[in-house]
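Please model the entire structure based on the sequences and the hints provided.
Taking our numbering, the leading residue of the sequence shown gets 55, the next gets one more, and so forth.
Where hints are given, some of them may not hold.
To be verified - In silico SDA-like pairs for lysine to any residue, Cα to Cα no more than 25 Å straight-line:
#	residue 1	residue 2
1	K58	E85
2	K58	A81
3	K58	P77
The set of hints was computed from the structure by calculation and includes no laboratory data.
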Amino acid sequence: AAVKTLIRWAGDNPAREGLIDTPARVARAYEELFSGYNEDPVELLSRTFEEVEGYDDWIMLRDIRMESH
55 AAVKTLIRWA
65 GDNPAREGLI
75 DTPARVARAY
85 EELFSGYNED
95 PVELLSRTFE
105 EVEGYDDWIM
115 LRDIRMESH
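What follows is the structure in structure tokens.
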């Protein structure tokens with residue numbers, strides 16, 4: 055109901071083609087955005103690199119998944 059209200063407030067029709075599924079898309083987006091609250095930070099941060107001797111370079115992360123909702 056909240057997303058439909060916001061769409062109406064913005065001057066559009068929440069029942070029109072292209073917006074009809076927007077409330078469900080917003081709900082899925084928020085579910086993913088806040089999914090980290092279900093994670094255990096101690097468990098996530100306890101992972102370390104075993105072989106660190108002799109390295110002095112930066113660590114670069116690649117292929118990080120990004121999505122637009």
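Right, here's what the structure says about each hint:
| no. | hint | result |
| --- | --- | --- |
| 1 | K58 to E85 | holds, 18 Å |
| 2 | K58 to A81 | holds, 12 Å |
| 3 | K58 to P77 | holds, 7 Å |
The earlier numbered hints are all upheld by this structure, with none contradicted.
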